[in-house]
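Asker: Required output: the full structure, derived from the provided sequences and hints.
FYI, in the numbering used here the residues of the sequence shown are 1 to 112.
Some hints could be false.
Okay, derived cross-link-like pairs now, BS3-like style, lysine-lysine, Cα gap no bigger than 25 Å in a straight line [said to hold, decoys possible]: (1) 41 <-> 77; (2) 30 <-> 15; (3) 23 <-> 88; (4) 30 <-> 88; (5) 41 <-> 30; (6) 77 <-> 30; (7) 80 <-> 41; (8) 80 <-> 30; (9) 77 <-> 88; (10) 88 <-> 41.
Pairwise CB distance ranges, derived in the manner of DEER restraints [said to hold, decoys possible]: (11) 32 <-> 99: 14 to 22 Å; (12) 73 <-> 13: 54 to 62 Å; (13) 7 <-> 103: 55 to 63 Å; (14) 29 <-> 56: 33 to 41 Å; (15) 90 <-> 11: 29 to 37 Å; (16) 3 <-> 43: 54 to 62 Å.
Derived by calculation from the structure, the hints in this document are not laboratory data.
It should be emphasised that the depicted structure is a prediction, and the values quoted were computed from it without experimental measurement.
Heads up, the beta-carbon is just placed ideally off N, CA and C, and yes, glycines get one too.
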Amino acid sequence: RESLSADEQFLMMLKEKCQLTDKEWEERQKTRQLEMEAVSKALAILSGDDAHDLFTRTFNPALVQEESSAHSARRTKASKLLSAVANKLHSPRLATLAYRVRLDAFTRVKKA
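Answerer: What follows is the structure in structure tokens.
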């Protein structure tokens, strides 16, 4: 009887643990989906038709600095979007991505 009681108690604890693990898994999946949506939105901003039109209209070797500032504005917008979602979801990975998007403008400077 004691063995049966112990087994039943173990089974109940195992079921509870499995339920908690399932909930955690679903939450991680939902968070991951929201992160992917945020990244998709950021990419859409950076590679959308408006951005393409802006590049083709403003590309002039004499105006490289202006193009750079427009590019910087889009980077800032994408970074802010990613940061907002990272704060909402408490996601350090997304916060790191936002940070990298913001600082990636200095890649050429670092290489030189």
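Asker: If a hint holds in the structure, say so; if it does not, say that too.
Answerer: Verification of the hints:
With a C-alpha separation of about 11 Å, the suggested pair residue 41 and residue 77 falls inside the 25 Å cut-off, and the hint holds. As the CA atoms of residue 30 and residue 15 are separated by approximately 23 Å, the hinted pair is consistent with the 25 Å bound. Between residue 23 and residue 88 the alpha-carbon distance is near 19 Å, which keeps this suggested pair within the 25 Å criterion. Among the hinted pairs, residue 30 with residue 88 is consistent with the structure: their alpha-carbon atoms are about 13 Å apart, no more than 25 Å.
Under the criterion of a C-alpha separation no larger than 25 Å, the hint pairing residue 41 with residue 30 is consistent with the structure, at around 17 Å. The suggested pairing of residue 77 with residue 30 holds, with an alpha-carbon distance near 24 Å, which does not exceed 25 Å. Among the hinted pairs, residue 80 with residue 41 is consistent with the structure: their alpha-carbon atoms are about 12 Å apart, no more than 25 Å. Between the alpha carbons of residue 80 and residue 30 the distance comes to roughly 21 Å, so the proposed pair stays at or under 25 Å and holds.
Restraint check for residue 77 and residue 88: the C-alpha separation of about 17 Å stays at or below 25 Å, so the hint holds. Straight-line distance between C-alpha atoms of residue 88 and residue 41 comes to about 16 Å, which keeps the hinted pair within the 25 Å bound. In this structure, residue 32 and residue 99 meet the distance hint of 14 to 22 Å, their C-beta atoms being roughly 19 Å apart. Between residue 73 and residue 13 the beta carbons are some 55 Å apart, a value that agrees with the proposed interval 54 to 62 Å.
Checked against the given bound of 55 to 63 Å, the beta carbons of residue 7 and residue 103, roughly 57 Å apart, stay inside it. Judged by the Cβ atoms, the range 33 to 41 Å given for residue 29 and residue 56 holds: they are separated by roughly 40 Å. The supplied range of 29 to 37 Å is met by residue 90 and residue 11, whose beta-carbon atoms lie about 34 Å from each other. A C-beta distance of roughly 58 Å is found between residue 3 and residue 43, which places it inside the suggested range of 54 to 62 Å.
Of the numbered hints listed earlier, not one is contradicted by the structure.
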